[in-house]
Amino acid sequence: MSGKPRLTYLNGRGRMETIRWLLAAAGVEFEEVYLETKEQYNKLVKDGFLLFQQVPLVEIDGMKMVQTRAILNYIAGKYNLYGKDLKERALIDMYVEGIADLMQMILMFPFTPPGEKQKSVDSIKEKATNRYFPVFEKALKQHGQDFLVGNKFSRADVQLIELILAVEEKVPDVLSGFPQLQVFKTKMSNMPTIKKFLQPGSPRKPPPDDHYVETATKVLIK
Amino acid sequence: MAGKPKLHYTKGRGKMESIRWLLAAAGVEFEEEFIEKKEDLEKLRSDGVLLFQQVPMVEIDGMRLVQTRAILSYIAAKYNLYGKDLKERAWIDMYVEGTTDLMGMIMYLPFQPADTKEKNLALIIERATTRYFPVYEKALKDHGQDYLVGNKLSWADVHLLEAILMVEECKPDVLSAFPLLQAFKGKISNIPTIKKFLQPGSQRKPPTDEKFVAVVRKIFNI
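Protein chains in written order, with the UniProt record's numbering: chain S, 1 to 222; chain C, 1 to 222.
Don't read these hints as lab results, they were simulated from the structure. All values derive from a computational prediction rather than experimental measurement. Glycine included, each C-beta is placed from N, C-alpha and C at the ideal position. Heads up, some of the hints might be wrong.
Calculated pairs, DMTMM-like style, for lysine to aspartate or glutamate (alpha carbon to alpha carbon, straight line, at most 20 Å) [unchecked claim]:
1) 196(S) - 210(S)
2) 64(S) - 142(C)
3) 84(C) - 137(S)
4) 138(C) - 97(S)
5) 87(S) - 137(C)
6) 78(C) - 47(S)
7) 84(S) - 85(C)
8) 64(S) - 59(C)
9) 127(S) - 88(C)
10) 64(S) - 42(C)
11) 64(S) - 85(C)
12) 138(S) - 137(C)
13) 87(S) - 42(C)
14) 15(C) - 101(S)
15) 15(C) - 85(S)
16) 46(S) - 142(C)
17) 64(S) - 88(C)
18) 222(S) - 137(C)
19) 87(C) - 85(S)
20) 87(C) - 61(S)
Calculated Cβ distances over 12 Å to all of chain S for the following chain C residues [unchecked claim]:
21) 62
22) 141
23) 173
Across the chosen pairs, the derived CB separations fall in these ranges [unchecked claim]:
24) 43(S) - 218(C): 47 to 57 Å
25) 220(S) - 110(C): 20 to 30 Å
26) 86(C) - 143(S): 38 to 48 Å
27) 143(C) - 190(S): 31 to 41 Å
28) 193(S) - 214(C): 45 to 55 Å
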């Protein structure tokens, strides 16, 4: 037993990607098991590994954790990426929940019918530029610090850089009206653990393609 | 000024109901300001008090908290309903995410097209009886204690009771195969603060009817 956390999911981003980001940012090495067939998934269910018969699954510290948010909360708490007190935690929670809402639109994108894909991109662009990015731009401008909360690196920063890069894959110039976020993006990308995660060969997964959608549908949805 | 928490939402369950439950269970008195028409929401937005232009919003301890989970986590932690350490917290989070998924299905039911209601209702009952309730029944059976986590009342217990009552509104005998959940329901309902919340005249909101659906659609443009 290696003692490293072990992640079980599809070989793609989906709901596991944010967990990969957070572990990587915390400098934690992890192993991955990829679900490629329905039989593998059925076996996990049968063996009682999946509390609600769903993945992500992260085996960590003797627990078989499921539910993305529960997993992220645990990792953030364990590696001191969750603020110093209840109020900082509340602010971090507000930020990451907003980020998750926009990320959800990106997550669903590969599964939208071809005829609706452009509308979806437009909606992502609209929400990013009018609802979400202004909040983070303002926060950074107001306190003038490098990190979103408490002048200290937290999960909010990790999740925001992940979001920025994901939105840019769909809307390349999305940060054009957000100078603070441009600086933030550069600073976060240069943090050693994140820089390493952004290099080829890291556990970071590529944007979802047709094969991913096919596998996800076959293994989890059907 | 300390004052009571103040809740901003429509006069119905929606995403605010779990927050009302948790505050009530913690014995915390709260005020409510109801959004009754579109203009009320627009005013909140133009006053700049909604971080992501959305409700729920709860004014508490000098903060304007938004995002349901951020609000619930803050309340749970503040009132010692979030376990004694990271691991108990992880279990509570996993359980709560499960009940959130289940209650989410029920919350959207009144908003779905009439011709899909029967199918969706059947799915809710199926999920409740094959995916969710068995987990909580087993947890209670395995440790034989009154509460889900750490032998102490937590957010997970309050949320589960809320979920049970919501599913029972869909199908009154849904707990027939779950004896421990029946006992749990009885015990948790009798906790003084919760018993009070379950009585007429409390701030608990009734199930959403067609009339209220129309109001909500108008206010939120959905």
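Index of numbered hints that the structure contradicts, given in increasing order: 1, 3, 4, 5, 6, 8, 9, 10, 12, 13, 15, 18, 21, 26, 27
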